[in-house]
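Engineer: Each chain, written out:
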Amino acid sequence: MKKTLSLIGIFAASVLLFTACKKDDAPATPIDTTNNGTFKVFKVGNVTSVQNLIADTIIGLTPIGQPYGANKYTFFSIENNTLVASSDSATTKWDIAFRGTTILTNSGTSGPGNGGAFVQIGTFDGLAAISADSVFKTDAAPVYAITTGSGKGWYNYDGANNLITPLPGRVIVIRTASGKYAKLEITNYYKKGVTPAASAGDDEKLHGQRFYAFRYNFQANGSKTF
Amino acid sequence: MFLGVKTTLQHNKINALKKLMFIGCMLISFINVTAQNEQPQDSTFSKELNEVVVTATRNERKLGNIAVPVTIISQKTIQQAASVRLKDILQEQAGLFLTSGFGTGVQMQGLNSDYTLILIDGQPLVGRTSGVLDLNRVTLGNIKKIEIVKGPSSSLYGSEALAGVINIITDKSFDSKVSASIRYGTYNTMDANITASTRIGKLGISGFINQYNTDGYSIRPYSVERSKLPISKTTPQLQLNYPLSSKTNLNLSVRYNYEYIKNELAVSNNGQIVYSKGREMNKDLNFTPIINHTFSKKLKTSLQLYATRFEGSQKLDISGGQGYDDYFLQQFYRVENQTDYTIAKNISLIAGIGYLKEFVNSSRYDDKNSRKENEVKYGFVQTEWIPFKKLTFIGGFRYDDNKLYASAFSPKIAGKLILSDKINFQASYGKGFKAPDFRQLYLNFTNTSAGNYSVFGALEAQHIIEVLNNAGFIKQYEDDYAKLQALRPEYSNGFNAGFTAYPAKKIQLQVNVFRNDIKDLIESRLVATRVDNTQIFSYVNIKSAYTQGIETNIKYILTPNFSLNAGYQYLQTADKDELKKIKAGNFYYTRDANNYSVLLKKSDYLGLPNRSPHMATLKLIYEAAAQKWFANIRAIYRSKWVVFDKDGNGIYNKQDEFADGFVQLNSSAGVNFKKGFRVQAGAENILNHVDVNNLPNAPGRTFFTTVTYTLNKKIKQ
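The listed protein sequences derive, respectively, from chains B and S. So the first sequence is numbered by this note's numbering: it starts at 15 and just counts up by one. So the second sequence is numbered by this note's numbering: it starts at 230 and just counts up by one.
If you are wondering where the hints come from, they were derived from the structure by calculation, not from laboratory data. From a predicted model like this one, the values you see are computed outputs, not experimental measurements. Any given hint could turn out to be false.
What the hints assert, rightly or not - Pairs of lysine to any residue, SDA-like flavour, derived with a Cα cap of 20 Å:
1) B:219 / S:922
2) B:219 / S:495
3) B:219 / S:681
4) B:166 / S:754
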């Protein structure tokens, strides 16, 4: 009997041990508690962060289930850290514009500015200077300086789970409308900066998307080093 | 001096020779000594070691003499665990990981369920959906035992036996016996079995029928969607045996399984709830006539015919919407001859030839009336050599000549050394393959309920995409479009090595280390994007991967009545291309807690998704004297597993989304009364672990009770 009891003890201990192993060893994600889902711009050192930039959120589904928005771009000035009214879309007041996953630069077919961009693989901090032989692309609709399409430009679309994720390790190097330089990293595409779980419902996935979070470092003096 | 040198050389040579001879003599005497150390007959484990296994070598061999990893699940184990479907008992094995999606599948040695061949009495079950053979299709009501062979077994079984083989062996006794059991439990789940067998003159007859019903359940709160749908399954089986003479035996088995599933769903579409009604039917027929003939003690042969068909249909009607009508029919016909020949006392040989033909019709392909077909001619040979009493070698190969794909050559070699009654070693190498299936060649599927993405089979994809492109529907061809070509079989090279030790009289320790290198894995890849941004996928031979790990099992007989069984598997997997890129550096990135990109560390890489690196089982079993009653408690542990590439870097790493690890606790107890009555009751998932998304096939805590009656006496003829 004693043996039996001690065995039950061992058994219970191992069950506990197994349960203890459950602990999540992925790094804990400190959700930005100040992020309440509204648009916000703030600067820390040389880096400006933008939260919840709404980029034509989904207002309905087509009969075959394709989501659609109002089809309007949201314009943003990197030089002034502010949103720009869409009535100024034909001016050089804005540097980049967002609609769904499409990002415009104030260049070519998109605007009158001297803008442009290219996507470089690496980390935001790792990009210390724009190399001299870099080629800035300009917009020539339907081809844009920041390539559209899953896995091609800045994001990945998972068709099975219906989720869009900014590709990690992509720095968008931007030439502003006035010809100055910035490096930019898109950090999230969903409201409050949190990508829904793959298991989340369709409503959360559809209505939570098209909320950009990104950070950038702009060199007002026209320098190519950061 | 010259001579002296020569002499020295000779002397050295002689010395070396002497040494060699000495070592040789030592070895021989050692072997002679150990040869006398037969597996102890009175050992606690001798009964188990003397159990006959047929799956590993395709002839009858004692478990204790088999050189490849084999697990036997006995009828008693199945009964005491109160398992009713194949899934129930397989989930209690440490090295097997059950998957959900297209039914319940089984991962073996970290390989997907596509790569495990499932046999009933040595004949393959067909009718896989997306590579998964639903383990719920098989009742355990008349199962004598289940043999699980791990490691590539294509040398004997051909395609699909890449990770291993699970052979379900039905009870083929023709004693005069009637047995009936009924089990009832939570969710109105009922499982009833009737078995009757006898011999009329020389003719042995055994009949069996199983009926399984459940109301199903919903583990998703506030939803009419059923996690498990109401199902009714009926499985009758008839087995006949007729000895034509003392040397010739005729056997016939006919088995049928019918499943009917009701599905009532509420789908939310753009804020509107759409109600839908679905009906699913699966019919599974196996027909197996076999003639065995024994020419002499040394020579016997068997001619096996096998015909099977699996027919599945799914209909969905949606209120005011577009439903679907899915149909799948697979037919499989095979004729096979196997001859066993004992060449000498210590050398035996088996050789076989076979021909199989397969047909598939499906609405998942271009047209359900267009029949796809394949045929395979094959031959295999295997020899067993026992140079010393305690040393066994097995070598063999199989050649499959495939009509639709490249032919496959699958060798296997294995050895076992029984060093002493305390320890024995075994090692094996085998090559396994899996031919591309019809789905990978002909699928024509568009998911209208999620994202409108399409998957086209490799044989059709290029043509369909070209037609779409000419009609202006294609926005762009993706990089992997160029890789579309005729599919080749997927290959693996599998190594297993391990030992069984008896550190104490009542303790058995088994350890097996495995490594499977798989190449030409067929994966679905994005090949084109439509103008409306919906994605088109197809299949390409693209991936190389490995799975490796260690599996251990400890049995401890504490008292004659009380035993403990603990199993553990550690698993590592990797996609070889991904691993190469990570090692080269500057290719894969992930995100830190602030969503900022950082370079991925190799230590964060997890390899293939949907696999638990740690799996364990712990079972405590008590059996009263004279089998009056028994009780057991069984714990199953699975560590968390990665399910979704959350950071979008294309690979699976620690920063991605996981399913929670869990412990499932099951318990059951039973009493054997006089006159053949047995009553059993139990609870499953006592800790009530529920995971709506990742374990849709696992209900919360459930209870059951079973009553069995067996009448076992001679019926007057």
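Engineer: A separate judgement is required for each hint: does it hold in the structure or not?
Structural biologist: Against the structure, the hints:
1. Under the criterion of a C-alpha separation no larger than 20 Å, the hint pairing residue 219 (chain B) with residue 922 (chain S) is consistent with the structure, at around 15 Å.
2. Restraint check for residue 219 (chain B) and residue 495 (chain S): the C-alpha separation of about 18 Å stays at or below 20 Å, so the hint holds.
3. For the suggested pair residue 219 (chain B) and residue 681 (chain S), the alpha carbons sit about 16 Å apart, so the restraint of at most 20 Å is met.
4. About 15 Å separates the Cα atoms of residue 166 (chain B) and residue 754 (chain S), which keeps this hinted pair within 20 Å; it holds.
The structure meets every hint from the earlier list without exception.
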